[in-house]
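J.: Sequence:
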Amino acid sequence: MQWNIILVLAFALVIAAFAIVNIDTVTINYLFGEASIPLILIIIGFTLAGALMIVFFNIANQVASYRTIKALRNEIVELQNQLDQYELDLQAKSSQLLDIQDKDSQELIDTDIILDIDDSDKFENNTNTSDGEHMQK
1 MQWNIILVLA
11 FALVIAAFAI
21 VNIDTVTINY
31 LFGEASIPLI
41 LIIIGFTLAG
51 ALMIVFFNIA
61 NQVASYRTIK
71 ALRNEIVELQ
81 NQLDQYELDL
91 QAKSSQLLDI
101 QDKDSQELID
111 TDIILDIDDS
121 DKFENNTNTS
131 DGEHMQK
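Numbering (our numbering), first residue to last: 1 to 137.
Relax, there's no trap hidden among the hints.
Derived DEER-like restraints, expressed as beta-carbon distance ranges:
1) GLN91 x PHE56: 50 to 56 Å
2) THR68 x ALA10: 31 to 37 Å
3) GLY45 x ASN74: 40 to 46 Å
4) GLU34 x ASN58: 34 to 40 Å
5) PHE11 x ILE76: 37 to 43 Å
6) LEU31 x ASN4: 37 to 43 Å
7) SER36 x ILE5: 33 to 39 Å
8) MET53 x ASN74: 29 to 35 Å
9) LEU41 x ILE76: 49 to 55 Å
10) LEU9 x MET53: 17 to 23 Å
11) ASN58 x SER94: 51 to 57 Å
Source of the hints: derived by calculation from the structure; they are not laboratory data. Fair warning: this is a prediction, and the values are worked out from it, not measured in the lab. Note that the Cβ used here is the ideal one computed from N, Cα and C, for glycine as well.
Could you build the full structure based on these sequences and the hints that come with them?
T.: Pasting the structure below:
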């Protein structure tokens, strides 16, 4: 920031020195007439006009940057909200998946128990039948 101030002051001194050396009167022709003006006023006037144009362009650029930053911040908030929603959906789906897995696991255990009981009954029936056949013979 300090270098900017130093450069602006140096530029102002160069312009002032240039304007002081050129104090002659010049004639300017307009469409509707002409005027005689000291050259120092033309140099200073156009220097100030150039400086004002730079200031206006900088202000317009800053306003555009501010609008862009504001839009991007709003987009960040919107994307963060979407991310939060996706995380909630993911947690819900994970919970549902765990419930389904637990239910399937329990069904498998129940099925295994039923199969074990059925196998035991078949084994007992086979032994009883075999014993009965042996007894009859």
